[in-house]
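S.K.: What follows is each chain in one-letter form.
Protein chains: 2
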Amino acid sequence: MKISIVGSGAVGLFYGALLQRSGHEVAYLMRSDLEVARRDGIRVVQADGEFRLRDASVFGETSEIGVCDLVVVALKATSNEALADLLPPLVGKGTRLLTLQNGLGNDRLLAELFPENKVFGGLCFVCLNRISPAVVENFMPGSISIGPREAGDAEEAQELVELFRAAGVKTRFEPNLQLVQWKKLVWNVPFNGLTVAAGGVCTDAIVESPELLEESKALMGEIIAGANALGFGFEQSFIDYQVKITIPMGAYRPSSMIDYVEGRPVEVEAIWGEPLRQAKALGVAMPKLELLYALLKRLCG
Amino acid sequence: MKISIVGSGAVGLFYGALLQRSGHEVAYLMRSDLEVARRDGIRVVQADGEFRLRDASVFGETSEIGVCDLVVVALKATSNEALADLLPPLVGKGTRLLTLQNGLGNDRLLAELFPENKVFGGLCFVCLNRISPAVVENFMPGSISIGPREAGDAEEAQELVELFRAAGVKTRFEPNLQLVQWKKLVWNVPFNGLTVAAGGVCTDAIVESPELLEESKALMGEIIAGANALGFGFEQSFIDYQVKITIPMGAYRPSSMIDYVEGRPVEVEAIWGEPLRQAKALGVAMPKLELLYALLKRLCG
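Each protein sequence line maps, in turn, to chains A and B.
Position 42 of the first sequence, counting from 1, maps to 41 under numbering that gives the first Met the number 0, and the rest follow consecutively.
Position 170 of the second sequence, counting from 1, maps to 169 under numbering that gives the first Met the number 0, and the rest follow consecutively.
Each hint should be verified, as a subset may be incorrect.
Any copy, or any two copies together, can satisfy a pair, since identical chains are not distinguished.
What the hints assert, rightly or not - Straight-line C-alpha distance at most 25 angstroms; calculated DSS-like pairs for lysine-lysine:
1. 296 with 243
2. 92 with 169
3. 183 with 117
4. 216 with 92
Because the hints were derived from the structure by calculation, they are not lab data.
All of these numbers come straight from a predicted model, not from anything done at the bench.
Only chain A is shown next, with the shape it has when bound in the complex:
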């Protein structure tokens, strides 16, 4: 299968390399890492060793890649406005699009750009770090949840699940993409958000402050109220579960917090703005998310 990886940051490098290693023809679209990747290939560092793909096909323009069977969008959502120019050379009749981006609104954008093509979304539950150009580090294998944007495309989504499983990725099929997107927001909204707004701190600073821990739970409650207004049946116990899994993470640096302290764009609209707007349209009040969003928009603007 011919696969293009649009956006070769940590996520794009990692999953592109795994797909390439499992036998697919993978083309990476790169900007800053292009020269290094051309010379040295792509390197993946894992807890149990590392591998290097010397023959990675890397490109600076999508027109050099041409039409693919699968386009994996792994750009940061803050660069979404570039997609209308970047993607057309890659997309023909029958090309499938898979966004691995954070937050809400990414699959909708792809469907708007390519109404004739099938769109899928994957939520990555994984810790990845691009430690130097074309080198990605991954210490916990993690998992992906993949689902179709349209319920009728479940079968093709299952094929994508098999594609990633064959590449060695623990992959779940999710019949409802929106549900799993909101599920991920339950963690991302408070922990990515409060670690930025509290000045660029790690998750331990949130769970160890009685006040910030309460606020993180209240923010989760708002997201759950939004999700449940969309018809999902999140229970309050899901909040306690999020806290339970976050405590052992220790001094964990959420991706948005890393972006913030390193001066890179933060996905403010995808993670905080879009759920707020969707919930408002449904008549769900999110007073704390409103304040957090307003602060993040300024802090990361």
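Dock chain B against the given chain A, drawing on the hints supplied.
M.R.: Below, chain B without anything else, positioned relative to chain A:
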């Protein structure tokens, strides 16, 4: 009248100097500015000129000052725990105490420490800046609102109003001290708070961001709900008035924001913690203030 000024930052220097100039015996308790003030006196720089008091009586210990007729507390509320040690040498039978501190809880503390003495509060609406040791700058004359902690002490509060008026300060008598404290919080909670939480910005950054402006109004709404649960009749139009007076301030730096960016303690409990606790006790929900308080406690901790 023998007056001691406890805490000779911008507020203490300024009002102490005005009271001394109007003929009172004023003793200043100082720490860092002590040597300079002993050598050069106290200097007040105003828009229409400046004056220097070469013979200022400055002290490093309250035991050197002795019992006063009036004790003016102008320490930052973050140093309140020092008052139990500092004040006793100054307070005898009939000594009156006046706190010029920000926020809630300061007059209650004085009343707890000296249950036999009369306690008053003054809210300063003024822009002051201690520009170097023992030198304070004041460009807008501003005003003070003085009121008694106990309604029965209105007559003595009026005497304090006259004392400040005679010193050239525009002074209002406030029969209800609590009301004017909450009134000041309507501005301080959003503008001192959001300028810190948004990363150390000026008030123009708040009023020019549609989202932060909405959040500042919503925070004012919460404070007004708290105040009205205490029996005050704040109207919603008071919110629009606050915005109206803040816009022409331009790039104004609220005192807490200056403290924050300069690494000094911020009065988090007096301005945000205490109103939140009082409102909670009254059953008033303040979801946005809760989040702001939790963030400020961490940011300024």
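S.K.: If a hint holds in the structure, say so; if it doesn't, say that too.
M.R.: Here's how the hints hold up against the structure:
For a Cα distance limit of 25 angstroms, the shortest separation of residue 296 from residue 243 across copies, 24 angstroms, qualifies, whereas the shortest one inside one copy, 29 angstroms, does not. Neither within a single protomer nor between protomers do residue 92 and residue 169 lie at most 25 angstroms apart by alpha-carbon distance, with minima of 29 angstroms and 78 angstroms respectively. For a Cα distance limit of 25 angstroms, the shortest separation of residue 183 from residue 117 inside one copy, 23 angstroms, qualifies, whereas the shortest one across copies, 57 angstroms, does not. Taking the closest pair of Cα atoms, residue 216 and residue 92 never come within 25 angstroms of each other, the shortest separation being 45 angstroms inside a single copy and 51 angstroms across copies.
Consistency note: the structure conflicts with the earlier hints numbered 2 and 4.
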